[in-house]
Structures are given as structure tokens and as C-alpha cells.
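Number of protein chains: 4
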Amino acid sequence: MDQDKALTAEELQNHVAAVFRDHMPFNQLLGMKISQFDQSGVEIRLPWHDGLMGNPIQKILHGGVTAAILDTAGGLMAILEAVRHMPQVNLVEFQKKISRMSTIDMRVDYLRPGKGEEFIATAKVIRKGSRVAVCRMELHNDAGEHIAFGTATYMVS
Amino acid sequence: MDQDKALTAEELQNHVAAVFRDHMPFNQLLGMKISQFDQSGVEIRLPWHDGLMGNPIQKILHGGVTAAILDTAGGLMAILEAVRHMPQVNLVEFQKKISRMSTIDMRVDYLRPGKGEEFIATAKVIRKGSRVAVCRMELHNDAGEHIAFGTATYMVS
Amino acid sequence: MDQDKALTAEELQNHVAAVFRDHMPFNQLLGMKISQFDQSGVEIRLPWHDGLMGNPIQKILHGGVTAAILDTAGGLMAILEAVRHMPQVNLVEFQKKISRMSTIDMRVDYLRPGKGEEFIATAKVIRKGSRVAVCRMELHNDAGEHIAFGTATYMVS
Amino acid sequence: MDQDKALTAEELQNHVAAVFRDHMPFNQLLGMKISQFDQSGVEIRLPWHDGLMGNPIQKILHGGVTAAILDTAGGLMAILEAVRHMPQVNLVEFQKKISRMSTIDMRVDYLRPGKGEEFIATAKVIRKGSRVAVCRMELHNDAGEHIAFGTATYMVS
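The listed protein sequences derive, respectively, from chains A, B, C and D. Start counting the first sequence at 12; every next residue gets the next number (my numbering). Start counting the second sequence at 12; every next residue gets the next number (my numbering). Start counting the third sequence at 12; every next residue gets the next number (my numbering). Start counting the fourth sequence at 12; every next residue gets the next number (my numbering).
Rather than coming from a laboratory, the hints here were simulated on the basis of the structure. Incorrect hints may have been included.
For chains that are exact copies, the list does not tell them apart, and a pair is met inside one copy or across any two.
Simulated crosslink set (SDA-like; lysine to any residue; CA at most 25 Å straight-line) [claimed, not checked]:
1) Lys-139 - Ile-68
2) Lys-108 - Asp-33
3) Lys-70 - Lys-139
4) Lys-126 - His-34
5) Lys-44 - Met-166
Take the sequences, apply the hints, and build the full model.
In C-alpha cells:
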């Protein structure tokens, strides 16, 4: 990829997905995978494994795992929102912008015990902006049960 | 330990610490250790390792790790609060009560990038009660910098 | 109404609506009115008047008004949830139960400036329970624009 | 005051206090008064009157009043934070900047019933910045009892 060339939307998305997969070790530690990442939405999948267990009696997700996957889904959605406000950027400029993004605050509402074979997090933007974006996230299990809600505010520039 | 005998405060604390260490795999996956857990307070320590990395460029904690350690510190504090409201209980009764406890909601405020060799989470109760407790948590690094605040509401019975 | 007689669902709802209207002065100070309050949902309406103005330049709702109407809609929804878990109660018992209900915590997300001729708040329960209920609330204006989201945790017994 | 002249810190503070008092009707509807507003901190006072009552049985503050006074204290603190990041501004420029400020989100934790003759809200900045500031607020009554905590994120430019 020519580093001085303005990136297409697809190239940006592929770049983010590659960074997520190859350079964010915590995502691998948990086993999170991006299953959707484009203008129509974000979806992250996390298969159950015993390392995610927070409650030894009930075999359910640790609350911190729930928070982590919700923050990750919201953060990816915030990147998509940031991209919408970017002029044409090349790879170096994009990386610089992305490295300045961060979560400002997040609320998680735990609705029911995190039981399941797989967990699916989705996100949408509820407050758009060039500097700050607010996202709402949902976590469901593979049986379609709603495990948790999240709401988070992101610095996007 | 005689399972029918009422537990002393010290036995309860030792039991919780043992469960935390031996039966909550996610705590080990991250590397969290209880460094204090008694009526005067709760402290959890987490040494940095690359698996916790959320941002490949800045080498900082994943926001989900911050949320996980804050929720864990608050949850332990909520157990101490629950114990205060318990009549004398034996081990089986205690385990039953503890297994019904859960996080209802949590807010995390990310104050600065999570850089450091070790991270220390502390917690205090701001709303006491026999059914619901609200805790405030703080995360600092080994240099004393304040990384994040948390506020969480726990079901304690 | 015979005070010893078990209340019907309709009598409970009428009683709550009367208390809201006649004995909660702040609701009148703002001008909030219950436009729906039954098992199918809650709706509160608030017509604009200059006393609600928080920003003199833009003529928009004070953020505290937004918080107040969202908390009120969520609180009424939590009462409906509490009623579902109540055995048959007479008026005195009901009043005693209701007086113990309270908001534990609330998050408000301000999405756009609060402009309009009238504001409509709605609520739904996202975590049900006999002791704690969590509600999500929305505020729209009369043009259908979405002004704010709320999420609140209520003690219901 | 010469509208083209750069404002001193004192002139800015006096201007904000005058707008608060004379042009924000909701502040008067409640009866909120600024008792401190300078670089060392913010304090707002609200004397009890029956119009603030949310619970007719216990004679306590409506939860919306608590949210309103906390948001107001935090918003004033965010203005002070914004001023720190402003170059020399004249009155017109300052008004333009201030009119773009807004609350993004807020969490309120209700600790105990809002009883008292007077209520005092204070605020401090926990995350500083030229675009976004996060504040923590506290509400006490005249007997020194702690009624509520708040945490809010503000757009400051």
C-alpha cells in the first residue's frame, strides 16, 4: 500500500481490522474477533472459554470481559464515525489520528448472567460529532439472550 | 474447616481470597492479585504484561482491563459490605449468599493513558445497605498517577 | 376507597397519578403531566415555558430539566415493575412500599439541544426484579427529535 | 465594559455570574445561587422550599433537583476549565465560546434522602482538556450530610 496515497474506505477498514487482530494482544488474550466492520455496523464475536470465567459456581463471564467487549465494539464504531469526518488521509495521517482516540467514559448495565457458547457485541452511534462521539452497545449470547447494555463517550479527534 | 460452624471474619476473608485466586480463571488470565482485603479496605495489584495492551502504538492498558480491575475491586468491597449485614453464617450459607451477588451497573472514567509497571486498584463504599451497595474505585499506576475512576452498584443479597 | 381492601391495578394507577399531580410540588413547578401510566408503558409530557430555559442564547431546556423528566418517567416505570411483584396490597401497605422506593443512580446522555414546544419522556424496564429495577428512558420533542437518553437503577422494595 | 477589550479573569467570572443570575430562568425557578466561582473552586447554594419536594411523605428533594444542581455546579467548573485554555478573549468571543459548551453525559449517585434547610453543591475537574472536561460534583446539606455524587463530561470548545 502506497503510504502517501489517500486511503479508500475499504483500505481504512482493512487496516483497522489488521491492527485489531495483530497488534492488540488483549483482544487475542480474550479471543475477540471482528465479524463485521463497515459503514452498516460493527459486530465482535467472542467464543466462550474457561479463561473468561468470573464466577466459579455459575460458569459465567467475568464482568470485566463484558465491559471489555462492549468498549471494544463502541471504540470501533467511534472509529467509523471519526472516518466520516476525515478529509482524505493517507496511512500515516490516519494512524496519527487513530492513536489520539480514546474512551472518555463508559457505563455498563448488566442485565442477566453471561452464559453461552458465544457472545456477540454490536454498537451504534447515538451522538455524532467531529470531536466526540457517544455510542450504545449491546451484548447478546448465541441463544439471542440480551446479556448487557453499554453506553460510552469517545474522543474521536 | 467445619462446614457447619459459623465463620469468623478472618475465615470469610481467607475463603474469598482463595476462591479469587484458585477458582476465577479470568483473574489469573490478567494476573490480578489481592494485596489487601479486610475491614479497613480492598487493594488489587496487576503487574504490566504485554497481554494487557490495548493500544499498540502507545503501549497502554486496554480499557477493558481497566474496567475489569475496577469492577473486581468494587465487587470485593461489596462482599465486605455484605458480610457486615450477615448474621453468623457457615461456609455453605456464605457461598450461597455470595453466588447471588452481582454487578448491576458500573461507570468508568478514563483520566489518563494506562501506562506503568504495575497498577493498583482500591475501593470504598459510598452507599451502604443490606440489599444494594454502591462503591467508588480508583486505579493508580506504580508512579502514583491516577489512571481511572469507577463507580458501581452491586446487588449484595 | 376502603383502605383495607386490596387495590386493583387500576386503583393503584389512579392513586399514583393523583399523588404525582397533587402532592409532588416539583412536578407542578416544571409543569410535568402523566399522559400514560399503565402496564403497556409510561409517558410524561412537559410543555415548554421560559422557566425551563437553561441557555439564554439558544432558548433550550436546562440540562437539569431533562434529567428531572427522565428520572420521573423511569421512577414511574419502576413503580409499575414493583406492582408486578406485589402480593395483593391495600392502600396503606402500598403507600408504605412506595415510600421506600428511590433512585439509586442515573446516567443521562444529552444528544441534541432541548428545543421544542413540548417534550415527551418514555421509559421501559431493562432489568426486572423484586428488589432492584433498571430502566431506560428517552426524551423527544414534539417534532419527534431525540433529545436525550437516560438509564437509571431503582430500589423497588 | 469595552466589548473589544480582552477580558480579565475577574471580568469573565462576573459576566458568567450575571448571566447565571439574570438570564437562566430555571436557576431562579429553583432558587440556585452562586456562592463561589473562581479558580479555587465552585459552590452553589439552594435553600429548601416546598416547590423542590419530590416525595410528599418524607419531604425530600426531587431527584431531578439534585441532578440539576449537580449539573450546574459541574458546568460552571467546566467553564473555568475552558477559560484556562482560552487565549485572551473579548466579551463577544467569550459569549460565542460559552454558547457552544454543553453537557455530554452525567451520572448521579443518590446516597441518602435529600433532607435539609439548604443544599450546597461543589465541583472539581478530574479530566482536563481543551475540548472535553470531566468533573466530579458533590451535594451536601447544611448539616454536612453527603446527599449525592455526580460525574459529568462536558464539551468545552
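Hints and how they fare:
With identical chains, the CA atoms of Lys-139 and Ile-68 are at most 25 Å apart between copies only, with a shortest distance of 23 Å across copies and 42 Å within one. Taking the closest pair of Cα atoms, Lys-108 and Asp-33 come within 25 Å of each other only inside a single copy of the chain (19 Å); across copies the shortest separation is 42 Å, beyond that limit. When the C-alpha separation of Lys-70 and Lys-139 is checked against a cutoff of 25 Å, the pair qualifies only between copies, where the shortest distance is 22 Å, while the shortest distance within a copy is 38 Å. Taking the shortest Cα distances, Lys-126 and His-34 sit within 25 Å of each other only across copies (17 Å), while inside one copy they are farther apart (29 Å).
Taking the shortest Cα distances, Lys-44 and Met-166 sit within 25 Å of each other inside one copy (23 Å), while across copies they are farther apart (31 Å).
The structure agrees with every numbered hint stated previously.
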